[in-house]
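Going down the list, the sequences are from chains A and B. Our numbering puts the first residue of the first sequence at 3, with every later residue one more than the last. Our numbering puts the first residue of the second sequence at 3, with every later residue one more than the last.
Since the hints were derived computationally from the structure, they do not count as laboratory data. Take every hint as true, because none was put in to throw you off.
The list treats identical chains as interchangeable, and a pair is accepted whether it falls inside one copy or across any two copies.
Below, simulated DSSO-like cross-link-like pairs (lysine-lysine); rule was C-alpha separation at most 30 Å, straight line:
#, residue 1, residue 2
1, 134, 303
2, 141, 303
3, 228, 303
Keep in mind that this is a model prediction, so the values were computed, not measured.
Number of protein chains: 2
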Amino acid sequence: MNAAIPPDHLMPSVQLREVPQALLDALQARFGAQFSVAMAVREQHGRDESAFDVPPPDAVVFAQSTQDVADAVKLCAQYRVPVIPFGVGSSLEGHLLAVHGGVSLDVSRMNQVLHIHAEDLTVTLQPGVTRKQLNEAVKSAGLFFPIDPGADASLGGMCATRASGTNAVRYGTMRENVLALEVVTASGEVIRTGTRAKKSSAGYDLTRLMVGSEGTLGVITEITLKLHPLPEAVMAASVSFASLADAVNTTIQIIQMGVPIARCELLDGRTVAMVNRHSRLSLPETPLLLMEFHGSPEGVKEQVQTVQSIAHDHGGNAFEWAHTPEERSRLWTARHNAYFAGVQSRPGCRVISTDTCVPISRLADALLDCVTEADAAGIPYFLVGHVGDGNFHMGYLLDPNQPQERVAAEALNTQLVQRALRLGGTCSGEHGVGLHKMEFLRDEAGAGAVAMMRGIKQALDPHNILNPGKIFTL
Amino acid sequence: MNAAIPPDHLMPSVQLREVPQALLDALQARFGAQFSVAMAVREQHGRDESAFDVPPPDAVVFAQSTQDVADAVKLCAQYRVPVIPFGVGSSLEGHLLAVHGGVSLDVSRMNQVLHIHAEDLTVTLQPGVTRKQLNEAVKSAGLFFPIDPGADASLGGMCATRASGTNAVRYGTMRENVLALEVVTASGEVIRTGTRAKKSSAGYDLTRLMVGSEGTLGVITEITLKLHPLPEAVMAASVSFASLADAVNTTIQIIQMGVPIARCELLDGRTVAMVNRHSRLSLPETPLLLMEFHGSPEGVKEQVQTVQSIAHDHGGNAFEWAHTPEERSRLWTARHNAYFAGVQSRPGCRVISTDTCVPISRLADALLDCVTEADAAGIPYFLVGHVGDGNFHMGYLLDPNQPQERVAAEALNTQLVQRALRLGGTCSGEHGVGLHKMEFLRDEAGAGAVAMMRGIKQALDPHNILNPGKIFTL
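The following block holds chain A by itself, in its conformation from the complex (with noise of 0.2 Å):
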């Protein structure tokens, strides 16, 4: 940690637990080559795209089957050790960050697609499987999977954060679309949750109750997901607005006439100017919209008909169109980029990123003043937004030197977040509690429903070692 640290409330309870050398000897006896305590190693395991620095994990195990996980788990249940589930390390919100010790178990290797199911829209894979990868995966069968979170996640991630993206406004998140799950738990033993029927009515909803459970509940080994067809007709535009607030306003009544679209994202004027240069891009540098419509031909010419009107209402200049699947591609790599952008506009700075969401009616009330008080408090900023969900992100770029910088981020992302809330909205809409937004969850849920989240815990994990420290504390 940088020697200008912030004040205490601002940073994570680290209480590390002894890793006794026996759990050490026993891992390293039956990993071999797939267990390591080098530093450079855990370091690896230790780092995530928040601003926290944490002291990284013990040790780290790669695992290659669930077989390998349940061992792992049995282990560290033995001595009481942490164990944290790691994929690609792409958390913005410390999830994988071992505030209290123990043991990093890597799935990255578990990568398999294992069945495809193109004649049911089903797809069965481990959990390392990246989203990239697997989109590659079914292209052939004519099918995508939708959710797309801007680093190219693994879907076990993906399930533990209840992960959305650009797609969701039309396909819903990682909560509509995992159909089912193998899990070990805390005592290493392997669970399955859900069947690959669409809807099932056969007892507790335990898919759901693992997906978002951001590794505290168990260990995702396998997952079964819904696919979608390649949509047969696909249109992308880019329209630029005047004002931040005409942008909100299209977007507002875009959903509220009901058009199925696909994909409605926004980006301030100074977060376009970011992407054009990390991008090699020249789109105007003022409030713009990047759209996308999905459908047979004439139900998307439908749906750019009406919002075109829409936009036109509202100044939007006219339509940039994206005519070639490589101009789309390129445009949607941008917007997935705009993260790393906002990061390299102020090198060396971390990143605290907000992620309310808020019913769509009370968007530009969310959204408008809090750029206002970032600029006022002249923090440097990117500001991105799955608008069509009313979701949106700013990310203060902060300087680590500057502890100040910081302090006002984090007063400016309080006071984003109880305004979300008292618009009826959510402190998360995608990245999860982790580390950062616990006191969040508090306001947002109450007291008695993360005293139920906390007790669900307790059952099931009774010894706290399934990623202790993260949504709440016990």
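Use these hints to put chain B onto chain A, whose structure you have.
Chain B in isolation, oriented as in the chain A frame:
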């Protein structure tokens, strides 16, 4: 119970707990005229559409507010007496039967639609609101709620059983359409799960945990739902086929082609005959698909063309169109009354309804053999299916004076469920587990997953007072 009693293993385990007079006195004092121990009232609350006969609850409380529910649960908790939430009593699986005795907590008077947020496509309401009442309330805002079990069920009951119905193929089930709940916990505390935001990654998904928990984890006292815009264009059609296989294969192909069909319902020829008699229709008494298409006029036209061509390939007769809203309504009301049409076809019968749901490619395998087996057994039945979802119901119509019919029907049901599980499906698509499918749930989910459910139950309801004896035994 009739003198002809089926074998023990087909009967629910009834373990009545003593209800202390002190509790009845306390409930009488707190609830006055909202409290009853009259046998007629108790009996009305001790019956549903299942085939079980169980002694009625010891008393009934008519709650009119969340505070009423909280107070009733607190008093029952104090005396460790079961509380069984009651909506309209349309459960098919014995959910509301007092197998451990206790108090029926009737929420049907909590029937206010509280807030219609048309601008966000959400509504907040009390659990006693029924689906028809809800649709009346939101119609003038140009909105509707698509989930439609056969009965005019309460929304509370629909949440509790994770209900679906004819529109689920396009709009999803209660799993996808509940945004947030207010719940009274086993200790009588009031908590909220979720917000009005469309998506969230803020902590465990308590909403989805409560949806489908069958009253065993909390009493639902307020519900926030997604609404959908009334489609611009609607077309409904019935198509007759020479064989069940033709109708089923047409369905499979419609779904595999990705047609966004709104409803796709199957009736076999004998069930069409029952429906004709009950609803005074004259549909051809051969296997029938009832379909509905929602969208823009152009979009509906495209869907219809695709589906007509698929049906034609399987020998489907020319489409019969329901041209007016009244004709459509008549057709769907007839479909919704298929259950009652079946009951009417054999006066005095009891029904055992199956509810398996399989991946769409396995639907023919799952369905056709069941029909052959039922025909061979000579048990009267009806057959309806939300086949677009891979979900169908055999309703065995049993003479209560012929216990061997029940034994035969349960044997058919067991064969049918085991087949669905082998095909990657679930024992319950939408009715829930209740008393009747506990063994099937164990077969489907496995001992480990059921143990996890049990662990959650014990954590959230340590004295097992919330609808005990349902889903699993403790």
